[in-house]
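Asks: Produce the entire structure from the sequences given, and follow the hints as far as they go.
In the order they appear, the protein sequences are chains G and X.
143 is the number of the first residue of the first sequence in my numbering; add one for each residue after it.
16 is the number of the first residue of the second sequence in my numbering; add one for each residue after it.
No false leads were slipped in.
Okay, the calculated bits of chain G under chain X, using three or more residues with CB under 8 Å as the criterion:
1) 170-179
2) 182-191
3) 197-203
4) 214-227
5) 230-237
6) 263-269
What the hints contain is simulated information worked out from the structure, not anything from laboratory work.
Note that CB positions come from ideal geometry on N, CA and C, so glycine has one too.
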Amino acid sequence: MSNELEAGRPLSPHLQIYRPMLTMMMSIAHRISGASLAVGFALLTWWLVAISMGPEAYACVAAFFGSLIGRALLLLFTWALIHHMLGGIRHLIWDTGAGFSRTSIEVLAWATITGSIVLTILVWVVGYGIMGVS
Amino acid sequence: MATPLKRVRGLGAAHGGTETFWRQRVTAIANIPLVIFLILSIVCHIGASYAEVKAYLAQPIVAVLMLALIISSAIHMRIGLKEIIDDYVHSEGCKIVAIIATTFFAGAVAIASTLSILKIVLGS
Numbered sequence: 143m144s145n146e147l148e149a150g151r152p153l154s155p156h157l158q159i160y161r162p163m164l165t166m167m168m169s170i171a172h173r174i175s176g177a178s179l180a181v182g183f184a185l186l187t188w189w190l191v192a193i194s195m196g197p198e199a200y201a202c203v204a205a206f207f208g209s210l211i212g213r214a215l216l217l218l219f220t221w222a223l224i225h226h227m228l229g230g231i232r233h234l235i236w237d238t239g240a241g242f243s244r245t246s247i248e249v250l251a252w253a254t255i256t257g258s259i260v261l262t263i264l265v266w267v268v269g270y271g272i273m274g275v276s
Numbered sequence: 016m017a018t019p020l021k022r023v024r025g026l027g028a029a030h031g032g033t034e035t036f037w038r039q040r041v042t043a044i045a046n047i048p049l050v051i052f053l054i055l056s057i058v059c060h061i062g063a064s065y066a067e068v069k070a071y072l073a074q075p076i077v078a079v080l081m082l083a084l085i086i087s088s089a090i091h092m093r094i095g096l097k098e099i100i101d102d103y104v105h106s107e108g109c110k111i112v113a114i115i116a117t118t119f120f121a122g123a124v125a126i127a128s129t130l131s132i133l134k135i136v137l138g139s
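Replies: What follows is the structure in structure tokens.
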């Protein structure tokens, strides 16, 4: 009898057996994107410093950002920037006390992921379009 | 004697502690339009020559927005990175070193970027 009762009891959540949930992954993604924006800030600084230094320094930076690694870094930077911005807007909505129902939490989470991916692709498509024209 | 002054100051019994939270929110709000401005600025200058990029950044409005972005982001970044360190670095020594390093990094990128913008605007 007591064994049956024990078997029916819910087990305490534990980090290693915790089922990953969307909102939990979004919270982690917000931190990771935020932390990686520090690298993005360093890249922006490098770009600005090179422009202030002169054409040779700028050519060096432009060559790096034009390379495959440079482009990959810029793509990740764009995505982290947009994802962190949309995630931040989500947090600002929560700060007003709104958007805490179970449905709105899920909707906001999905809107952040879809929005960040769509906008990142859009920015790059427009970017490549401009590059093709010029 | 309780006066309405405490409500005007927006502080509770601790007389402090919400500044960082508030500063993070204010810089976050400022960063929304500034980040959109940064993305548009970069996208519009893909494949542009050195002279074109420099002339664009030398415009007063562009320079003001760039400086605002740099200052606001550096403050926001410092708060965010410290929060992550506070949560995940448990040894006291490592925590202090990491927080100081973060502060130095935020200060260094902010100063270097600001100086570059000023140099571009004021001409070499």
